[in-house]
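Since chain B is already given, all that's left is putting chain U on it; use the hints.
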Amino acid sequence: MNQPIYYLLLVIGSFFCAYRMMTSKNILSAALYLACVSAMTSAILYMLGATQVAVMELSVGAGLVTVLMVYAISVVGKDASDPAPIIPRGFAALLCLGTIGILLWACLPLIPVSGSRTAQPLIITLWQGRVLDVWIQVVLLFAGVMGILGLLAEQAIRKPDLNHTTQTGK
Amino acid sequence: MTLSPVNIILIGVFGLLGIGLYGLLTIRNLIKIVMVLQLLVKAAIIGLVLAGKVSGQIDLGQSTAATVLVADTMVAVVGLALAVQIRLRWGTLDITALSKLKG
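First to last, the protein sequences are chains B and U.
For what it's worth, my numbering labels the leading residue of the first sequence as -7, then goes sequentially.
For what it's worth, my numbering labels the leading residue of the second sequence as 148, then goes sequentially.
In short, the hints are calculated from the structure, not lab data.
Glycine residues also receive a C-beta, built at the ideal position from the N, C-alpha and C atoms.
Please note that the accuracy of each hint is not assured.
If the Cβ cut is set under 8 Å, some of the chain B residues that face chain U in the computed set are [unchecked claim]: (1) Met14; (2) Leu60; (3) Ile78; (4) Leu96; (5) Ala135.
Covered, in the sense of this in silico footprint (three residues per stretch, anywhere, with C-beta under 8 Å from a C-beta of chain U), are these stretches of chain B [to be verified]: (6) -2 to 10; (7) 45 to 53; (8) 83 to 94; (9) 113 to 127.
In isolation and in its complexed conformation, chain B is listed as follows:
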């Protein structure tokens, strides 16, 4: 399973899905292509040995976020077309290719460190070495839930004002 051909296939597949996500006219198709990228990302993570993060990515990235995207698209409706870009596409592509070329020139070839230390279980690393990260995750989850509640509540409060403005305008 550690043959380079598997990694190559996954990388090419994720490139294809990412490109189709960018160029797709239908925004629902773009969301599904993003879910495919998530699934391939989780496969790459699993093959790298990060099994716990791979499961999280598959359940959250390909599951929860896709469901949220489809819900948002269903609320937004058909009017989800992508207008023409301000920056010319050729210039943007040139800029991105230049950036990626410089990064690849600086980083390749990547040589793994030999004689590395033995890896600890993730739960020990999280709860002993990176406990601050766990607290940050808790705060982020709390902030996300409160943000959504705030957004929904704001709409409920502002609705009467809009009606009032319309009536006085008449």
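Frame of chain B, contents of chain U only:
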């Protein structure tokens, strides 16, 4: 240069970053911008785990990747909620039209 799995994945990380950067420069639809941000963060997550594997600290790479994953999910949730609210109030998802709004 031999294409070892580590180098293939590094190319994949930079490729996804490039596609995401191109999307951020060209896309004007708010929901698609959230999708492109997701794409960029996926590349960053693979990069973190790859760095952990290369340095022999896969546990550290996993813990940081998990934190980034949670933060990314929150960004997506709040971004989508904002996009839906903006579409319902102003009837557009074009960020150029939104930047011209006043009041």
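Here's how the hints hold up against the structure:
1. Met14: OK, holds: Met14(B) within 8 Å of chain U, min 5 Å.
2. Leu60: 6 Å, holds
3. Ile78: With a minimum Cβ separation of about 7 Å from chain U (threshold 8 Å), the hint on Ile78(B) holds.
4. Leu96: 6 Å, holds
5. Ala135: 7 Å, holds
6. -2 to 10: holds (count 7)
7. 45 to 53: holds (count 5)
8. 83 to 94: holds (count 7)
9. 113 to 127: Held - the region 113 to 127 of chain B has 8 residues with a Cβ nearer than 8 Å to chain U, which meets the minimum of three.
Checked against the numbered hints given earlier, the structure satisfies every one of them.
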